[in-house]
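Could you build all of it, start to finish, from the sequences and the hints given here?
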Amino acid sequence: MYDSGKIIPGLIIFVLFITFPVWYNHGAARAVPQPELPKTLKECVLPAADMRSEHMQLLNQWRDKVLRTGDRSFDVKIGDKEYQKSLMNTCMQCHTSKKKFCDTCHTYASVTPYCWDCHIAPVE
Amino acid sequence: MKYTFPLAAVVALVLIAWIGSSIPGMQYIFGIAVPYLAMALFLGGFCYRVIGWAKSPVPFKIPTTCGQGYSLSWIKQDKLEAPLTTSQVIARMFLEIVFFRSLWRNTKATAYDGPKLTYESSKWLWLFAILFHYSFLVIVLRHMRIFLDPVPGVVSMLEFMDGILQIGAPTMYMTDATLLLGLLLLFGRRLFNRQVRYISLANDYFPLFLIFAIAVTGILMRFFLRTDIDIIAIKRLAIGLVTLHPAIISDIGSIFYIHIFLVCVLLAYFPYSKLMHMGGVFLSPTRNMTNDNRMRRHINPWNDPNIKPHSYAGYEDEFRKDMVEQGIPVEKPLPAEADD
Numbered sequence: 001m002y003d004s005g006k007i008i009p010g011l012i013i014f015v016l017f018i019t020f021p022v023w024y025n026h027g028a029a030r031a032v033p034q035p036e037l038p039k040t041l042k043e044c045v046l047p048a049a050d051m052r053s054e055h056m057q058l059l060n061q062w063r064d065k066v067l068r069t070g071d072r073s074f075d076v077k078i079g080d081k082e083y084q085k086s087l088m089n090t091c092m093q094c095h096t097s098k099k100k101f102c103d104t105c106h107t108y109a110s111v112t113p114y115c116w117d118c119h120i121a122p123v124e
Numbered sequence: 125m126k127y128t129f130p131l132a133a134v135v136a137l138v139l140i141a142w143i144g145s146s147i148p149g150m151q152y153i154f155g156i157a158v159p160y161l162a163m164a165l166f167l168g169g170f171c172y173r174v175i176g177w178a179k180s181p182v183p184f185k186i187p188t189t190c191g192q193g194y195s196l197s198w199i200k201q202d203k204l205e206a207p208l209t210t211s212q213v214i215a216r217m218f219l220e221i222v223f224f225r226s227l228w229r230n231t232k233a234t235a236y237d238g239p240k241l242t243y244e245s246s247k248w249l250w251l252f253a254i255l256f257h258y259s260f261l262v263i264v265l266r267h268m269r270i271f272l273d274p275v276p277g278v279v280s281m282l283e284f285m286d287g288i289l290q291i292g293a294p295t296m297y298m299t300d301a302t303l304l305l306g307l308l309l310l311f312g313r314r315l316f317n318r319q320v321r322y323i324s325l326a327n328d329y330f331p332l333f334l335i336f337a338i339a340v341t342g343i344l345m346r347f348f349l350r351t352d353i354d355i356i357a358i359k360r361l362a363i364g365l366v367t368l369h370p371a372i373i374s375d376i377g378s379i380f381y382i383h384i385f386l387v388c389v390l391l392a393y394f395p396y397s398k399l400m401h402m403g404g405v406f407l408s409p410t411r412n413m414t415n416d417n418r419m420r421r422h423i424n425p426w427n428d429p430n431i432k433p434h435s436y437a438g439y440e441d442e443f444r445k446d447m448v449e450q451g452i453p454v455e456k457p458l459p460a461e462a463d464d
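Going down the list, the sequences are from chains A and B. Position one of the first sequence corresponds to residue 1 (this note's numbering), numbered consecutively onward. Position one of the second sequence corresponds to residue 125 (this note's numbering), numbered consecutively onward.
Please keep in mind that the hints were generated in silico from the structure rather than gathered at the bench. Note that the coordinates shown come from a computational prediction; the quantities given were computed from them, not determined experimentally. Glycine included, each C-beta is placed from N, C-alpha and C at the ideal position. Wrong hints could be hidden among the right ones.
[What the hints assert, rightly or not] No farther apart than 16 Å at their CA atoms in a straight line, the calculated lysine to aspartate or glutamate pairs in the EDC-like style are these: (1) A:Lys100 to A:Glu124; (2) B:Lys126 to B:Glu440; (3) B:Lys179 to A:Asp3; (4) B:Lys185 to A:Asp3; (5) B:Lys247 to B:Glu220; (6) B:Lys456 to B:Glu440.
[Unchecked claim] Some chain A residues flagged as far from chain B (calculated, every beta-carbon gap over 10 Å): (7) His95; (8) Tyr108; (9) Ser110.
Take a look at the structure:
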C-alpha cells in the first residue's frame with residue numbers, strides 16, 4: 001500500500017464522520033417524549049394519529065383563512081361542540097402548557113414553528 | 125435502453141419497498157435490517173475501494189499542468205496550475221474539492237459548415253454540479269436532526285436557514301427545490317448535449333433517477349402524504365438504528381419505507397459505482413501530485429529491484445566488440461590486440 005500515512009488517517013476520519021451519530025448518542029436511545037395530555041377532554045378536533053402527523057398543516061390553514069378573511073367561524077368540532085379556528089382560544093384552552101405539550105416533541109425533533117413570533121406564549 | 129432500464133429499476137425499487145413494507149412484519153426488514161446491511165456495504169465498500177486504489181502503484185508522476193511550471197527566477201510560476209510544493213498542492217486540491225475548479229474549465233465544442241470547429245467556455249456544468257452537490261450536502265446534514273439527540277445547534281441553525289422563507293407548515297426547504305433543479309439540469313444536460321448524450325450510459329442515469337426518486341419521496345412525505353408520518357416514531361427508529369437499539373413504536377406510512385429503502389439502495393450502490401468520485405477526488409494522481417519531475421526522481425514502485433541500472437558506458441563495454449564488427453561507432457575504441 002502506498003501513501004498509507006495519508007490514506008489510512010483519511011479513511012479513519014471518513015468512517016468517524018459517517019458514524020458520528022453512533023458515538024454522539026453514546027449508544028443509548030432516550031425514551032420518546034410524552035406530551036402532557038389534557039385531563040378533561042379525551043377527544044381532539046381530529047383523531048389523535050391525524051393530529052400527530054397533520055396538526056401543523058391544520059394550523060397553517062387556519063392561520064391563512066383567519067388572516068385573509070377574518071373568519072374564525074365554527075367548522076371545528078369535537079363531538080357536537082363547535083370551536084373557533086384559533087390557536088389560543090381552541091388548542092391552548094385544553095393544552096394549556098406550551099412547555100409540557102408543544103415543546104416536548106418539538107425539541108426532540110428539532111422543530112421550531114414560528115407560531116410564537118406573533119402569538120404570546122403562556123407565561124410558565 | 126440507456127434511460128429506460130435505470131428508470132425501470134428505480135420504479136421497481138419503489139414498488140418493492142411499497143408492497144414489501146405493507147406486509148405485516150416486513151417493516152422490520154425495511155426499517156432495520158436493510159439499513160444496517162446498506163450501511164455495512166457502504167462503509168466496507170468505501171474502505172475497500174480506497175484501499176484498492178492505495179495499493180495501485182502510480183508508475184509515473186502525472187500532474188496535469190495547466191500553467192507555467194517552476195522555472196527561472198524571472199519567469200512567473202503559476203502556483204495553482206503547476207504546483208511545486210505540498211502546500212500548493214493542498215491549495216489546488218482544496219479548490220478542486222470545495223469549488224469544483226476543474227469544471228470551470230469545461231468547454232463546448234460546436235461543428236459548423238466549412239467544416240469549422242469552435243470551442244467556447246461552458247460553465248453550466250459547473251453551476252449545475254455546485255447546485256446539486258451543495259444542496260445534497262445541506263440535506264444530508266439537515267437529516268442529522270433525526271439521528272442526533274440532543275440536536276446540535278449547528279444542525280438546527282442549518283435547518284432554520286434552509287427554511288427561512290417560512291413557506292407553509294412544515295416549512296419548505298430551499299435545498300429541496302435546488303436539489304431537484306440541479307438534478308433536472310444535470311439530466312437535461314445528458315439529454316440535450318449531443319456529445320454528453322453519446323457518452324452517457326445506464327450507470328450515469330441510474331444515480332440521477334435514484335436521487336431524484338429519493339428527493340421526491342422525501343418531499344411527498346414531508347408535505348403531501350402525511351398519513352401516519354409521525355416524526356417522533358421516525359426519530360425513535362433512526363436513533364435506535366444508530367444506538368443499536370432499533371424499535372418501531374408505531375405504524376409509519378409506506379412513503380417513509382420507500383424513502384428509506386431508496387436511500388439504502390443508494391448507500392449500498394455507492395462504493396461500486398461512479399459515485400465513488402467522492403473518495404476518488406482525493407486520490408486523483410493528476411491533481412494531488414507536485415509538478416517536480418525535474419527536481420526529484422519519481423521511482424516507479426513496481427520496478428524490479430533485481431534489474432540494475434545499465435549505463436551507456438556499461439552497455440558499450442558489454443557489446444563493444446560486436447558493435448565494432450557491425451560498423452557501429454563507439455566512444456572508446458577496442459583495445460589494440462597483442463598479435464599482429
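Hints, verified against the model:
{"no.": "1", "hint": "A:Lys100 to A:Glu124", "verdict": "holds, 10 Å"}
{"no.": "2", "hint": "B:Lys126 to B:Glu440", "verdict": "violated, 59 Å"}
{"no.": "3", "hint": "B:Lys179 to A:Asp3", "verdict": "holds, 9 Å"}
{"no.": "4", "hint": "B:Lys185 to A:Asp3", "verdict": "holds, 14 Å"}
{"no.": "5", "hint": "B:Lys247 to B:Glu220", "verdict": "holds, 15 Å"}
{"no.": "6", "hint": "B:Lys456 to B:Glu440", "verdict": "holds, 8 Å"}
{"no.": "7", "hint": "His95", "verdict": "holds, 16 Å"}
{"no.": "8", "hint": "Tyr108", "verdict": "violated, 7 Å"}
{"no.": "9", "hint": "Ser110", "verdict": "violated, 4 Å"}
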